[in-house]
Every structure is written in structure tokens, then in C-alpha cells.
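The listed protein sequences correspond, in order, to chains D and R.
Count the first sequence with my numbering and you get residues 264 to 414, in order.
Count the second sequence with my numbering and you get residues 345 to 501, in order.
Hints may be right or wrong, so weigh each one.
Said to hold, decoys possible - Heads up, simulated DSBU-like pairs for lysine-lysine below, C-alpha to C-alpha not over 30 Å straight-line: (1) R:Lys433 with D:Lys388; (2) R:Lys364 with D:Lys286; (3) D:Lys357 with R:Lys361; (4) D:Lys357 with R:Lys470; (5) D:Lys350 with R:Lys470; (6) R:Lys459 with D:Lys286; (7) R:Lys448 with R:Lys470; (8) R:Lys409 with D:Lys315; (9) D:Lys315 with R:Lys452; (10) R:Lys448 with D:Lys388; (11) D:Lys357 with R:Lys448; (12) R:Lys448 with D:Lys350; (13) R:Lys448 with D:Lys305; (14) D:Lys388 with R:Lys470; (15) R:Lys370 with D:Lys350; (16) R:Lys361 with D:Lys286; (17) R:Lys361 with D:Lys315; (18) D:Lys286 with R:Lys370; (19) D:Lys286 with R:Lys470; (20) D:Lys286 with R:Lys452; (21) D:Lys388 with R:Lys490; (22) R:Lys409 with D:Lys286; (23) D:Lys305 with R:Lys361; (24) R:Lys459 with D:Lys388; (25) D:Lys388 with R:Lys452; (26) D:Lys357 with R:Lys459; (27) R:Lys470 with D:Lys305.
Quick caveat, the hints were computed from the structure, so don't treat them as lab data.
Chain by chain, the residues:
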Amino acid sequence: MLPDESLFRAHLEEAFFRVGVVKSKWDLHGQINWPTAIFWCKAATGQSEMEKIFLRFDFSGYPNAAPTACPWDIVKNQRLDPALWPKGRPAVDKVFNAGWRADALYAPCDRIAMNGHEPWRDQHKAYWWTPESNLVTYLTFIFELLNKGAE
Amino acid sequence: MKNENEHEIFVHGEGMKEPKLIRLLKSALHDLEKILREVGVISGSEQRCFFREDDAQELDTNSIKNHDIIHCHRCKNVKVSVVYESGVKTHAFPPSATIKRIQKWAEKEFGLSPKDHVLRTGPDGKELPGDAHIGSFAHFPDCAVKLYLTLEVLVNG
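Whole structure, please, built from the sequences with the hints as guidance.
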């Protein structure tokens, strides 16, 4: 097992990930097929037609390189139809923007979106991916986005 | 792998950026403070107070259950001042109060919509996640934190 996968698997056992599982905020779905893995994240009613959004991640180069992720249809095992992507608040529509790309999220912790968006380093300090980030950085960004104001 | 005689608990604390997963025997709950010193989660001689997440009552560690999320701190309360535009609101919270709870209180105090704001450590500081505990940012003996409530910054550009 290469160091990136080994560290990724170790992070799945850390408190910062496990506490989200215990709170039913997120979890791994199925098996890891390195460098890809599918996670679900809770989505509050009104911001998504689903209670959970499944995201397929590519963690190549973890954690030095940021991951990239897109909404995933776990039944068809393919990218989720953009018509079913979360929508609602302007902040949600900016990130889940299939008109920009259907294979990534417009997020400061997504390696495809980060490219060419250096100002996000200051504007989104908590979520701009650095080698000290981990998978929970991305999951927290999505959770906060989709559950803002929810009970 | 956890055995049936153990509890897994998540411990937040003063100056801790992330919770720590602690496994301890159910029969050792009364020794939690000693165990946390042994594993380096707490240092110094001052006695700690324990709280469940978002609970104002001090916790009897013997009542801890599996997967409890707790906070240990030298402060019994944290004086939280929230700045919004030119106004400031202040309230005392237990160290285990989540940012989500404090933001709801602040939005109500300032009469704001509950969906479009974030709490930060400074006017341009890091956004704080809803599950963070206020005690993680407070230090004894000040036991006070100043936060800034700002509009959520959209991902643009």
C-alpha cells in the first residue's frame, strides 16, 4: 500500500472523521478502490431532494494534492444527473454547478476548482486545501454548505 | 477494535483544534482526568471541568456513555462577545457550547436570517465549523472569546 492510501485509511480511524460518523453527518460508502472512494454527506431538507448526497472522490496524491469530487449515483454507478444535484441557496448553487463542470465541485478544497483561484486562499481560509488538510476538510465544507441553518 | 468493557468517547478541550478519540474501560470513568493527563490531552495541575456537548451542567464522569462528545476545560464558563457590523452582544456559554449554538443565539440577538452568516475568529479570519466547541478557543484564566459574525462569502471568480 502506498503512503497516500495508508495515511488516508489512518485518517478514517481518527476522531475528526469518526465524530462525524457518530453524528450521522457523513460516512464512507462501500469499499475503497484507491485512489477513489465514495462518501455520503447529510443534506438538510430544502437544499437537496435527497437526505444524503453521495460524492465520488479521487484522492490521488493525498494529502499533498487536494482531492476532487462529484455527485454520484450509487444505483447506476455513474455521475449523478445534474438535474438531481443539490440546489437552493446561492452558496449551494455556486458549488454544485454542473454548468461549470460535471466532474468536480466549485470548492476551495477541490483540486480542479482551486486551479486559477488563488484569491480563495484568503477568502476561504478554513477550506483552502493545504498538505495539512484531510478528507474532513472537504466533508466539512460540504456539510456546512448543505446544512446551514438546519436543526 | 473496541471491546464491550470499553467506551469510546470524543474529547474536546482548551487549545485543541480537533477532538481526540479516547478508549477507556467503563470501570475507569472516575479516573478520566488522570487518564487524559497520561495520554497528553491535558497538562498542568489545575483541575478540569467536564461537560457534554452543548450541556451547561458539569458532567459526572461516571455517567459518560459510549460515543459521548465531551469537553474538558479549566474555565466553567466562557464569556463570548460577538461583533456584527458596529454592534457587540455578549453572553456566557459553557466551554462545550458549539459554534452552531452560539451562531443561532447571535443571529437571534441581532435579528438576522439564520442561513447566510458565519462566525469567524477575526473580521477576515477563518470560518468556524458548526461543531467546533467554544472552549477550544478560550484560555484560562481569561475565559473569554471574541468572534465576528459576517455574511457567508460565496465561492466566486
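Verification of the hints:
1. For a cut-off of 30 Å, the pair hint linking R:Lys433 to D:Lys388 stands: about 25 Å separates their Cα positions.
2. In summary, the hint linking R:Lys364 to D:Lys286 is supported, as the alpha carbons are separated by about 15 Å, within the 30 Å threshold.
3. As the CA atoms of D:Lys357 and R:Lys361 are separated by approximately 28 Å, the hinted pair is consistent with the 30 Å bound.
4. Of the supplied pair hints, the one linking D:Lys357 and R:Lys470 holds, its CA atoms being roughly 20 Å apart against a limit of 30 Å.
5. Taken as a hint, the D:Lys350 and R:Lys470 pair is honoured in the structure, with Cα atoms around 25 Å apart against an allowance of 30 Å.
6. Restraint check for R:Lys459 and D:Lys286: the C-alpha separation of about 21 Å stays at or below 30 Å, so the hint holds.
7. Proposed proximity of R:Lys448 and R:Lys470 is supported: the alpha carbons are some 18 Å apart, at most 30 Å.
8. A distance of roughly 27 Å separates the Cα atoms of R:Lys409 and D:Lys315; the hinted pair therefore holds under the 30 Å criterion.
9. At roughly 28 Å between alpha-carbon atoms, D:Lys315 and R:Lys452 fall within 30 Å of each other, so this suggested pair holds.
10. Pair hint R:Lys448 plus D:Lys388 holds up; C-alpha atoms about 22 Å apart against a cutoff of 30 Å.
11. Annotation: proposed proximity of D:Lys357 to R:Lys448 holds, straight-line Cα distance about 24 Å (limit 30 Å).
12. A hinted pair counts as satisfied when its Cα atoms are at most 30 Å apart, and R:Lys448 with D:Lys350 qualifies at roughly 23 Å.
13. For the suggested pair R:Lys448 and D:Lys305, the alpha carbons sit about 20 Å apart, so the restraint of at most 30 Å is met.
14. Using a Cα cut-off of 30 Å, the hinted pair D:Lys388 and R:Lys470 holds, with the two alpha carbons roughly 5 Å apart.
15. Using a Cα cut-off of 30 Å, the hinted pair R:Lys370 and D:Lys350 is violated, with the two alpha carbons roughly 45 Å apart.
16. Straight-line distance between C-alpha atoms of R:Lys361 and D:Lys286 comes to about 18 Å, which keeps the hinted pair within the 30 Å bound.
17. A distance of roughly 27 Å separates the Cα atoms of R:Lys361 and D:Lys315; the hinted pair therefore holds under the 30 Å criterion.
18. For the proposed pair D:Lys286 and R:Lys370, the alpha carbon gap of about 22 Å is at most 30 Å, so the pair holds.
19. A distance of roughly 23 Å separates the Cα atoms of D:Lys286 and R:Lys470; the hinted pair therefore holds under the 30 Å criterion.
20. Distance check on the hinted pair: D:Lys286 and R:Lys452 sit about 25 Å apart at the alpha-carbon level, within 30 Å; holds.
21. For the hint pairing D:Lys388 with R:Lys490, the CA-to-CA distance comes to about 18 Å; that is within 30 Å, so the pair holds.
22. Between the alpha carbons of R:Lys409 and D:Lys286 the distance comes to roughly 14 Å, so the proposed pair stays at or under 30 Å and holds.
23. Of the pairs offered as hints, the one joining D:Lys305 and R:Lys361 holds, with about 23 Å between alpha carbons and a cut-off of 30 Å not exceeded.
24. Note on R:Lys459 and D:Lys388: the hinted pairing holds, with a Cα-Cα distance of about 20 Å set against a maximum of 30 Å.
25. The suggested pairing of D:Lys388 with R:Lys452 holds, with an alpha-carbon distance near 26 Å, which does not exceed 30 Å.
26. Between D:Lys357 and R:Lys459 the CA atoms are separated by roughly 15 Å; this keeps the pair inside 30 Å, and the hint holds.
27. A C-alpha spacing of about 23 Å is found between R:Lys470 and D:Lys305, which places the hinted pair at or below 30 Å, so the restraint holds.
When each numbered hint is compared with the structure, a violation occurs for hint 15 only.
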